[in-house]
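In order, the protein sequences belong to chains A and B.
Anchor point for the first sequence: position 270 equals 254 in my numbering, and the numbering is continuous, going up by one each time.
Anchor point for the second sequence: position 315 equals 299 in my numbering, and the numbering is continuous, going up by one each time.
Keep in mind that the hints were calculated from the coordinates and are not lab data.
Quick caveat: nothing in here was measured; it's all calculated off a predicted structure.
Treat the hints with care, since some could be wrong.
One copy or any two copies: either way a pair holds, since identical chains are not told apart in the list.
Said to hold, decoys possible - 25 Å max Cα-Cα, derived SDA-like pairs, lysine to any residue:
(1) Lys264 with Thr109
(2) Lys95 with Asn278
(3) Lys19 with Lys258
(4) Lys220 with Leu72
(5) Lys95 with Phe277
Number of protein chains: 2
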Amino acid sequence: MVKNILGKNDYIEFLRGKKATFMLALSNTQTANIKDITQAGIPGKIYLTPTLDSEFVCTGEVRSLEDIAQTPKGVPTPALITRAVHLLNPFSNIELLNLGLELKPNIDYFKIHDFGIKPSKSIATNANIDSQFVFQAAVEFGQNYTTNDEYIILGESVPSGTTTALATALALGYDAQDKFSSSFKNNPKDIKQQTVNQALANIKDDDDIFEILSKVSDNMLIFTAGFILGLNNSKKLILAGGTQMACALLVVNSILKTMGGEIETSNLSLITTKWVYEDKNSDIKALLEMLDFNINAYYSDFDFTTTYHPALKLYDEGEAKEGVGAGGCLAYAIINGIKKEAIVNKIESFLI
Amino acid sequence: MVKNILGKNDYIEFLRGKKATFMLALSNTQTANIKDITQAGIPGKIYLTPTLDSEFVCTGEVRSLEDIAQTPKGVPTPALITRAVHLLNPFSNIELLNLGLELKPNIDYFKIHDFGIKPSKSIATNANIDSQFVFQAAVEFGQNYTTNDEYIILGESVPSGTTTALATALALGYDAQDKFSSSFKNNPKDIKQQTVNQALANIKDDDDIFEILSKVSDNMLIFTAGFILGLNNSKKLILAGGTQMACALLVVNSILKTMGGEIETSNLSLITTKWVYEDKNSDIKALLEMLDFNINAYYSDFDFTTTYHPALKLYDEGEAKEGVGAGGCLAYAIINGIKKEAIVNKIESFLI
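Please take these sequences and the hints and turn them into a complete structure.
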């Protein structure tokens, strides 16, 4: 079942039975190199996670390393969930957004959109993003994007993305402290908070919104905001993610405030996992309620209670939680009649 | 299994594995307000049945009343069957046809086609339908309708629709007495027949076909006939219903006779439930054999023998029988590999 966080169920019910394009936003920020700030990948090779995730979702193989990305505790990437959904109820199309990757995925045929965006630096010093350029590229991409599918599911893979998202939301003036999720069960608040504090210390009183984003944000957040504004409600778009996607919406909200603009959002939604929705260390609903526009928001009622696999059970204990569009992809499976058991079995089959 | 009533099984076999649009024709006739004439809904609120049925099929919720429509004996609406099928093997699209509703369904996103058609009056006095207008709107709708789906399944929700159908068939000169079904196990023949007799008494010898339809028919019958003629075999259409849909075909037949026209019907079919097919108080096969054109007709071999739920068992005893496209929707599930047990379980889950 897909359950409501905000809004009615009509949006998701309308999409029942319909096919989607899956779009995966991939980005590296050197923030992820700060020791112990994220567990979204292999220590020392965290930067490979988006590359490996996209390879696995598209081809079922990891090519730029021997194995799938997993945490030091052995929690496998949510890309497994996305891939399982794609096998059971295929997306009609997968497109990758290269929003500044250290290493491009080793994949043929699949469309990889390149925008000339570079990996960003650490927000602890200054992310040094050409935010106007990234934003403008995204707006144009949204304006020109066409697909025959009824809707787009947009996921992301950005290691340390919750840290950059928290910094971004705070820098934009939102009461976001303690509302952001983490790939850890026990959110490493000291390192994370220290990094965010360092980031915020770089903001000057007269920085405009794009200067703020340049310093403390990441490419995915800025691009997603621009993409939403570029699409301008012309197409149904599911932001498949947790608090990072909520932050992209906060960025949209701030840009609209700054520019005095408005946006129609009837075709926009956010769908996350049950692990994010029920997370006691974050509050996605509160983040979404800070928006000045309405947003349909849902979570997929899926968990690993029935699995035999200890690595997957860790999800239910609060590790990993979301990423690579897992929550939105689970919804895609559910509204196309795929049973929970079939999804669990398929994911398990990757780990044998 | 989907079993033959008339014709070969090639038509339904060709559709195996293909996706359909579900279209639901919704209409009110004040005939339904005659005491005890129908049990398709809540006494005093029978007029809400099509509204509630469409809300439940689309969203899983009834919004214009506290509960789903059910008969005074507690037989739940066949909308449960349609919704269960949609959850297990989603239609790629659901579209509603507002053919004169007292209350519009409270649903966002889903396409509700409005034609400016008003609820019709009671046939006991004069239904007073602008039949040429309804017919013409339907022909144009059929001529202009486009979909990427391989076929359309057209269901209906029209309380007291079997009474108006019987009156229509008789008024058009068909030997239809005792061949029409009912939502009752024990067809309330006295009230029903009395109403039909009153309706027929209003027909004058020199009434043309549209004058006859204006007086004794309902909007769904006239619209469906026009839609079939407008589509003109350009698209596969399943009439998902019982004797009411058979009557719509009789209307097509009479219009063609009157106008001296012909129609190719290779893409047209009717699919109903086992409950209608096996009903001893009606004879859908005989009605279809009165047509001057060939028609593929089937029924879905589905019943509630395995359910534990007493309210559902009443279907097997002859209550309710058909509606909201139940028979055609069951066929849609069956030809897409959905098991009977899964359908029964899903329907039961709504009643817990």
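The hints, checked one at a time:
no.: 1; hint: Lys264 with Thr109; result: neither (30 Å within a copy, 65 Å between copies)
no.: 2; hint: Lys95 with Asn278; result: between (32 Å within a copy, 21 Å between copies)
no.: 3; hint: Lys19 with Lys258; result: neither (28 Å within a copy, 50 Å between copies)
no.: 4; hint: Lys220 with Leu72; result: both (22 Å within a copy, 23 Å between copies)
no.: 5; hint: Lys95 with Phe277; result: between (32 Å within a copy, 24 Å between copies)
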